[in-house]
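Protein chains in written order, with full-length UniProt numbering: chain A, 1 to 756; chain B, 1 to 756.
Derived from the structure by calculation, the hints contain no laboratory data. It is possible that some hints are incorrect.
If several chains are the same, the list does not tell them apart, and a pair holds so long as it fits within one copy or across any two.
[Said to hold, decoys possible] Result set (SDA-like, lysine to any residue): computed pairs, CA atoms no more than 25 Å apart in a straight line: (1) K669 to A333; (2) K692 to Y515; (3) K324 to D683; (4) K324 to T689; (5) K178 to T346.
Take a look at the letters that make up each chain.
Protein chains: 2
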Amino acid sequence: MASLQDIGVSAGINSLTAFIFLMVFAVLRLQPVNDRIYFPKWYLKGIRASPVSSGSLKKIVNLDPKMYLRFWNWMPAALRMPEPELIDHAGLDSAVYIRIYLLGLKIFVPITALAFVVLVPVNWTNNTLEELKDVTFSDLDKLSISNIPDGSSRFWVHIGMIYIFSFWTMYKLYQEYKIIATMRLHFLASESRRPDQYTVLVKNVPADPDESVSAHVDHFFVVNHPDHYLTHQVVYNANRLATLVENKKSLHNWLTYYQNRYERNPLEKPTIKTGFWGLWGQRVDAISYYATEISKLSEEEDAEREKVMSDPKAIVPAAFVSFKSRWGAAVCAQTQQTSNPTVWLTEWAPEPRDVYWRNLAIPYVELNVRRLLMAVALFFLVFFFMIPITIVQSIANLEGIEKVLPFLKPVIEAKIIKSFIQGFLPGIALKIFLILLPTLLMIMSKIEGFASLSSLERRSASKYHKFILVNVFLGSIVAGTALQQIHEFLNQSATEIPKIVGVSIPMKATFFISYIMVDGWAGIAGEILRLVPFVMFHIKNTFLVKTEKDREEAMDPGSLTFAISEPRIQLYFLLGLVYAPVSPILLPFIVVFFAFAYLVFRHQVINVYDQKYESGASFWPDVHSRIMIGLVISQLLLLGLLSTKEAGKTTPFLIVLPLLTIWFHLFCKGRFESAFVKFPLQDAMIKDTLEKAREPDLNLKAFLEDAYIHPIFKGGVYEKPIMDEESYPIIVATKRNSRVGSKVGSSEDSPQAFLG
Amino acid sequence: MASLQDIGVSAGINSLTAFIFLMVFAVLRLQPVNDRIYFPKWYLKGIRASPVSSGSLKKIVNLDPKMYLRFWNWMPAALRMPEPELIDHAGLDSAVYIRIYLLGLKIFVPITALAFVVLVPVNWTNNTLEELKDVTFSDLDKLSISNIPDGSSRFWVHIGMIYIFSFWTMYKLYQEYKIIATMRLHFLASESRRPDQYTVLVKNVPADPDESVSAHVDHFFVVNHPDHYLTHQVVYNANRLATLVENKKSLHNWLTYYQNRYERNPLEKPTIKTGFWGLWGQRVDAISYYATEISKLSEEEDAEREKVMSDPKAIVPAAFVSFKSRWGAAVCAQTQQTSNPTVWLTEWAPEPRDVYWRNLAIPYVELNVRRLLMAVALFFLVFFFMIPITIVQSIANLEGIEKVLPFLKPVIEAKIIKSFIQGFLPGIALKIFLILLPTLLMIMSKIEGFASLSSLERRSASKYHKFILVNVFLGSIVAGTALQQIHEFLNQSATEIPKIVGVSIPMKATFFISYIMVDGWAGIAGEILRLVPFVMFHIKNTFLVKTEKDREEAMDPGSLTFAISEPRIQLYFLLGLVYAPVSPILLPFIVVFFAFAYLVFRHQVINVYDQKYESGASFWPDVHSRIMIGLVISQLLLLGLLSTKEAGKTTPFLIVLPLLTIWFHLFCKGRFESAFVKFPLQDAMIKDTLEKAREPDLNLKAFLEDAYIHPIFKGGVYEKPIMDEESYPIIVATKRNSRVGSKVGSSEDSPQAFLG
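Put together the whole structure using the sequences plus the hints.
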């Protein structure tokens, strides 16, 4: 194991990397030309206008030296916006997502302090390792549980500590669950009128030989919800139409590109080849080629649109059913409609932006088969993912390539290329797989047939969490491939497994410390730099942007990728909980990670990300239960570790803890989960009553009419509800500033007006 | 292992025992004096009057020789009543309970046939056992899988068979689930108006400083269910009152007993001692003593009754809330009322007879703690129940008794008593425990806080099932105490456990065959004899009965004890499924058990049992999932067995099967379970509409007024809804017969008028 000094050097290098990233960010973000990369959120809100429009140098590079002196300002600025305002500004999803990092701090700062005060002295004041002559050890090991002699009564301290750590974690989790449930209910209660409050998604409408889907839905709800049913909206199968619209948009981009090129260089008329990827085929004039292609596609699109609207077969057996009151919708969403539970399935309609349209028409049995297949696929993916990688690696070596493509032989045999292939190719297969993994998991979730983007993200996150747990956590601790591990585990007794893993835990502390620094610290610093959007924006800005509207579209604010980031955070929770009683030296690194990530993501949420939908923090039960899983794993591993240390007497005391933890989890589930899946009638009634008093003449039918039309029929762009900005004085102030700024020609002060 | 001949002898003995029981039953049931023991159901229905009232010898002993010639008639008679009529006669619970035995026949008759046609020849035509010289074996072993040599390709036949058996079982289970779900929905739909259709049980009403519970409930539902709320009924904490009433009833019995004694023997005035159990104390006149005691208790009861009715603290925070329509009740039962899911909890009200009044007022957190404690207690009960028994056994030996009660030494040392204690006492501790076990499990379920008798029975059954699975099934297969087994299992690998158990399976076939005969065949024959109620009735009849009403009360029809019998049936399903591919010889015994039990219980349900409540077969999901558990266990054990037979190639084919089975279970759960826990709005609406059309002037409030009053306030006897008998011609005919019979002085023909 590495010494304290090695760790120090490694920490220095990683801190330096992170620091350089931050410096680069601090400089880049002050350049007006990058304004749309680092502050897109404010543009989307219409509070900030583009500074590049006037075109002078000052608008591209920031020449004000004073600004550079204040480049750390974004950090306090990120912390300044109070939470209620943050929820207004970025939505509850983002605000709660940031709280995950805050929760990490709340849990681990006191645990770290306590572990250093109590556990470090207890571990340090032994000399077990010094007495073992044939073992090399370092100062780091002296701080860990390895330094306690077998059968020592000092293990009682560790047991006491894991009890304290567990109860503290549970206490904080309970508090947080309570706060977030309250926040969610408050958020839902204070929301302005939205179509999804009145609407229920009805799936598996049974076929009726005499009636259309629309008439059938109408009759059913008129009969069974006579006092509350208002109207409904059928769902068209517009999948092909959506593909056409997408293709057209891509062709449009190419047309703009060639038009721009022609404008800048009118002497040379751009041409392209019509064949595959422009590699061969007839050479034609690019602008007219794309113009004809687009008009062809437009015709096709119109035909398809007409077909979808008129063909009764294009209506899928699902509908968005709206009610006269929130109470009526809440009732319909929570009850069973008919004695056959596979038809007329009702659930809360996701908000219109959140609907995943392709999954609305899957029959019940097919859905079950799909989920079975995906469960099996996930099992193989998690446990056997190394097999295809190994196969690819074995093909992607020199002999393999020479066999398949013999004409490449002279090229490959060249020394540089040869060493490149040998050194790089095997690794790259794994890297490509890991990059593609979240996409693959998302595709699997889509096959499972969930009807909203938010539930798809939650399902993907849950899959990714399992993958990380097995392959990153267990895989790093237990040597050998996953396949070997499984074989070994299956042939071990049930109580052997925590022992094997538990014993390896202290030995892997150094590995995980560097993992935290590389993946955590540097990764977060990379997040704030936004390299990919940075490059993409400048490419688009150069080749495609003509009007202000184009620039608007070239901007990619991105969003919080819950399905990818949340499972990664969970790894840090798991590491913190597992190492807290074993090697407390790892804890400060975790704390730094959470603090830094909290800062960066708060900044990003305020200034950059634009969420695609708002689910009202419905992901929190998942976050909670994954931290609970981490807690139970940490308890079982300590149990396994201690049972090898001749501390058998302590076992009964440790068995109680996971049982209590599981019970606590069930208790929390019963206590809070319903706030995330159901909508209470009392709250619905209060909102209904208030609304009736305020707006007695409200024409709800008109309000709901077009809410759940497939976005393709709205011209591909969904209109978001406009926020009532006047009610938020700070934003209004900022807005006024930025307007002034854009008029006098300098807007770089505007974020500081608010942020710094 | 026993030879075929041994098994034959044993089967003969057990059949003979069962046959004798049946003979005794056939004779006893024809005696008019036993009429109330063997046909109480008909008395309770008012279709049969007591033949003993006139007092002649003919009314006590049946002297008609023709009747004795037809004494097997009850068997076809039991089968004759068609199912829809059976449901009318005995309720859906009983009708569906009988179908469990029928399901056993449906599953195992074809499996037995197939196993004997295919598996027996495949096993028989080997000579593995003959080649092994140092092993003794019998013909029975030659029929089992033990006779197949290791690594033989004949194992493919067994794998094919378990696939066929499993798919057949699942097909039958699916069919049965579907039928029973339909029966339940039909039953609920065709029921006449009942209070529980309109009523919801509201628990955890939050405390309000300004309002009483009643006013609080009223306000809440007027606001949140304005169009549907009708009325509500608060729940009084009448536990103490109920105890007083019970005590009074017992004193009344004693009074009647002494009065009868005095009447029969007017010369001697009965006296008793007032001390503990009448063992010491002052000797007083018994009749006047009990009369004063009763009048004292009556006063106390009146005071308590008044106190309960007037004291606001005697009202528990729960209420039965009734709605104007079934639709309104269905909505309220299925939805969440407030944002805090621990208050205003709603669920379908159990029918009034089914309410378990003592459990209506448990706070949410306490409920969770209780369930945690009971889960832990159940774990220890299931796995460590032998420990206290062993302790009791070690105390209850000779030395132990002599130490504690030294004055008994001379008595104990007497030879006969000594051998009795040594031979009998250790066994009796276990026997007493096993007899008390169902009661203990029921107490545990009551502590868990379920609010209806039906759910209490279901919970107890689930606990008992676990106990039988671990202690009877696993305990019989694997030698040693449960404690040793656990220790061994924990130190074995996960894949070792099915192997260890699987290998022992064929060796235990003989044991289980005799178990089936003793516990199954003879046990069922004992059930029909009703020895305990027989003795109890005659005791009561002799000492307590004066009027016809007393005789009515002395009658103990009993009921189907779901909590005890159903888990025992599950053992037979498990044995059948486990042994079908391994030792098919066991199957005929299972089939005989199911056929015999079906016959007997159908007879009992028609003639004897009187169900205390009607839950509409809501126990079926439990029955289904326990059979599924048995199926998965059988598959895993065959997998374990085959993996020791050098048939490693077959493993992958067998792993797929449990996965498919589990998926099938989840599918069935999704497809059918909601029919047993929810009430669909469509069905509610249909019934509401029909009712409105038929009885537009119905005064529902009056109908519901007293429905959910604690039975203690109704004088301790709950009035059951009177059946509309005129609509069932057979019963009417029987009734007329029995009336005639009682008039002309002979009623023994009346059951035959209907039954035989």
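The hints, checked one at a time:
1. K669 to A333: both (21 Å within a copy, 20 Å between copies)
2. K692 to Y515: Neither: 57 Å inside a chain and 71 Å across chains, both beyond 25 Å.
3. K324 to D683: Intra 16 Å, inter 22 Å, cutoff 25 Å: intra and inter.
4. K324 to T689: For K324 and T689, the Cα distance is within 25 Å both inside one copy (12 Å) and across copies (22 Å).
5. K178 to T346: between (28 Å within a copy, 22 Å between copies)
In this structure, the one hint that does not hold is number 2.
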